[in-house]
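K.L.:
Sequence:
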Amino acid sequence: MLTILFLILLMTMTFAKLMIQGVYLIHKLQQLGYKNMKYIKWLEGAQFRDALMWSIFELLTPLTIILILYFTIEAIPIYKYLTSSIMLVVFIWKLIHPFLSGWVGPRAKAKTKKPLVYTPRVIRLFVTLIVISAVIILFVFWFTATPIEEFTLDAWAFFKFNSFLLFVSVVTPIILLIANTINQPIESLVHWGYFTKAKRKLAKSSIVKIGITGSYGKTSTKFFLSTILSEKFATLCPPSSYNTPMGISKIINSADLKKYQYFVAEMGADHKGEIDLLCKLVDIDYGILTSIGLQHLETFGNIDNIVETKFAILKNIPEKNFGVYNYDSELIIERLSQYKAKANLYCYSIVEKSFEKVSIYAENIKHTRKGLEFDAFLWDGDVYNVKTTLLGRHNASNLLAAILTAKLIGLSKDEICRGVDKIVPVEHRLQLIDNNNGILVLDDAFNANLSGATEALRVLNEIEGGKKIVVTPGLIDLGDKEEEHNKIFGERICKYCDVAILVGKMKTKKIQESLLKSGFLKNNMYVVNSLEESKSILAKIVKIGDVILFENDLPDAFSENN
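1 is the number of the first residue of the sequence shown in the numbering used here; add one for each residue after it.
Worth flagging that the hints you see were computed from the coordinates, not collected in a lab. Treat the hints with care, as some may be off.
[Stated by the list, open to error] Here are the computed distance ranges between Cβ atoms for each label pair: (1) Lys201 - Asp414: 56 to 62 Å; (2) Ser241 - Lys340: 17 to 23 Å; (3) Thr196 - Asp375: 44 to 50 Å; (4) Leu63 - Val190: 28 to 34 Å.
[Stated by the list, open to error] In the PhoX-like style, the derived pairs of lysine-lysine whose C-alpha atoms are separated by at most 25 Å in a straight line are: (5) Lys509 - Lys487; (6) Lys342 - Lys199; (7) Lys160 - Lys209.
Being a predicted model, the structure only gives us computed values, none of them experimental. Yeah, the Cβ is synthetic: ideal placement off N, Cα and C, and Gly gets one too.
Generate the whole structure from the sequences, applying the supplied hints.
P.N.:
In structure tokens:
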């Protein structure tokens with residue numbers, strides 16, 4: 001009877017351990033977009049290092065002890081008693097350690113930037129994880145502990161049972177990978193249902209659809225354009241970065257389209273062909289291409305796939321309508337002739353000043369402690385004197401895209417100016433934060449490309465003040481260009497900053513090397529493991545008049561403390 005109770009207790013504790021770690025891992029998988037390859041890369045990386053080392057320790061230490069006991073103790077009852085005691089202690093530790101370490105529980109919530117959202121997809125994934133885990137544990141019982149009469153008398157069977165449970169208790173990452181793979185067909189059906197419903201709903205509506213894509217700048221441009229259009233039209237603008245087929249479908253399905261005249265859809269992609277798919281969903285009337293760069297190069301495979309995917313926005317615009325693109329994006333200009341659009345195309349620039357080449361351009365760009373100022377010149381002679389709390393030349397560029405599009409749609413100068421005056425910084429995109437304590441903060445947490453990071457550093461340098469401090473984990477998701485771009489990023493930090501706080505010893509290795517090689521003072525470079533640690537450093541070194549830039553605040557899945 002005691003043996004049966006022990007088996008049930010140990011199997012229950014094993015199951016509980018799998019579920020606790022499952023919550024932690026599902027959170028990371030959610031941050032990684034439920035992409036198996038990204039998840040595998042995360043498991044292989046430094047971010048999972050501590051959890052992996054603990055799992056190995058929790059497997060090998062008790063396994064070694066019970067194996068030694070098996071060969072040294074002949075009396076089966078004594079062996080079973082000692083082994084049972086060890087296993088219970090080990091599994092109690094397995095259950096409390098994730099909470100003590102802060103991987104799950106209240107401490108995890110306190111340090112997590114984006115908590116786990118219990119969406120229907122997460123619930124389905126968790127159910128599959130439960131079923132697979134239960135089947136594996138029952139199989140271990142059947143394989144090692146039956147028939148139960150023989151098990152109670154067999155020390156080797158007892159050892160096998162304990163050993164297999166120890167092994168099962170540390171393979172949650174693999175079980176979750178299997179669960180996510182099993183669920184993929186189900187998720188595809190769910191997505192297809194949302195997609196077709198949204199497509200039918202839009203087809204029945206008279207709403208005008210504008211699609212915006214680009215390697216960077218699309219979210220800001222979406223908000224800027226929506227704000228300006230709202231001066232004349234009821235405009236539907238999805239919140240945050242709702243830019244996937246599922247995200248856009250949910251927005252369409254939940255909205256009362258009869259209330260709106262315009263729909264501004266941001267379109268994101270990290271795989272070939274995804275913009276074309278989104279254009280088929282939205283059936284765009286107008287389109288804006290903000291930039292083409294190396295973002296998501298690893299998942300696209302090569303630059304040609306990125307270019308082809310992004311240009312789909314211009315190719316899908318009906319012939320009677322127009323498209324807008326960024327003249328300052330080198331890859332757009334280089335490849336424009338290869339991807340001929342049916343619609344009329346207009347472009348904007350903060351560099352080129354000739355109306356023979358562009359339809360709108362910016363001059364006299366400058367930054368103050370209050371924000372960005374510039375003059376926008378249009379082909380028809382209109383001039384807009386822009387003053388905004390936005391920061392960065394890239395935001396001047398994004399504003400030009402929004403102003404040009406609104407002008408072509410038919411808004412008056414007064415309507416456009418009123419809209420521009422109402423634009424506020426997009427959260428975490430070079431957002432100016434002034435807490436009236438003499439210290440300015442530039443929050444550029446959602447930027448992850450070299451071009452944007454360089455512009456943020458330039459803005460930091462231009463603003464009058466004391467020390468210029470950057471806090472960054474570097475640039476990610478750039479494939480084989482990642483090391484090269486982080487090296488350049490380090491050189492530019494050296495050029496524009498007085499103090500650098502680098503988050504992640506391994507992730508920022510190239511930046512560290514580049515800084516020191518460029519002559520940056522070692523005493524002004526700090527390397528920490530998490531954003532929380534960086535805040536402790538800031539508390540010691542920041543003085544009134546200083547300006548702090550938070551550049552590319554990575555998701556929790558990329559933190560070396562997770």
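K.L.:
Does each hint fit the structure? Answer for all of them.
P.N.:
Taking the hints in turn, this is what the structure says about them:
For Lys201 and Asp414, the Cβ-Cβ distance of about 34 Å falls outside the hinted range of 56 to 62 Å, so the restraint is violated. Hint check: Ser241 to Lys340, Cβ distance near 30 Å, so the stated range 17 to 23 Å is violated. For the pair Thr196 and Asp375, the beta carbons lie near 47 Å from each other, so the given range of 44 to 50 Å is met. For the hinted restraint 28 to 34 Å between Leu63 and Val190, the CB-CB distance of approximately 41 Å leaves it violated.
Distance restraint check for Lys509 and Lys487: the Cα-Cα separation of roughly 9 Å lies within the 25 Å cut-off, and the hinted pair is therefore satisfied. Only pairs whose Cα atoms come within 25 Å are accepted, and Lys342 paired with Lys199 is accepted, the gap being roughly 23 Å. For a cut-off of 25 Å, the pair hint linking Lys160 to Lys209 is broken: about 63 Å separates their Cα positions.
Violated hints, listed in ascending order, are 1, 2, 4 and 7; each of the other numbered hints is respected by the structure.
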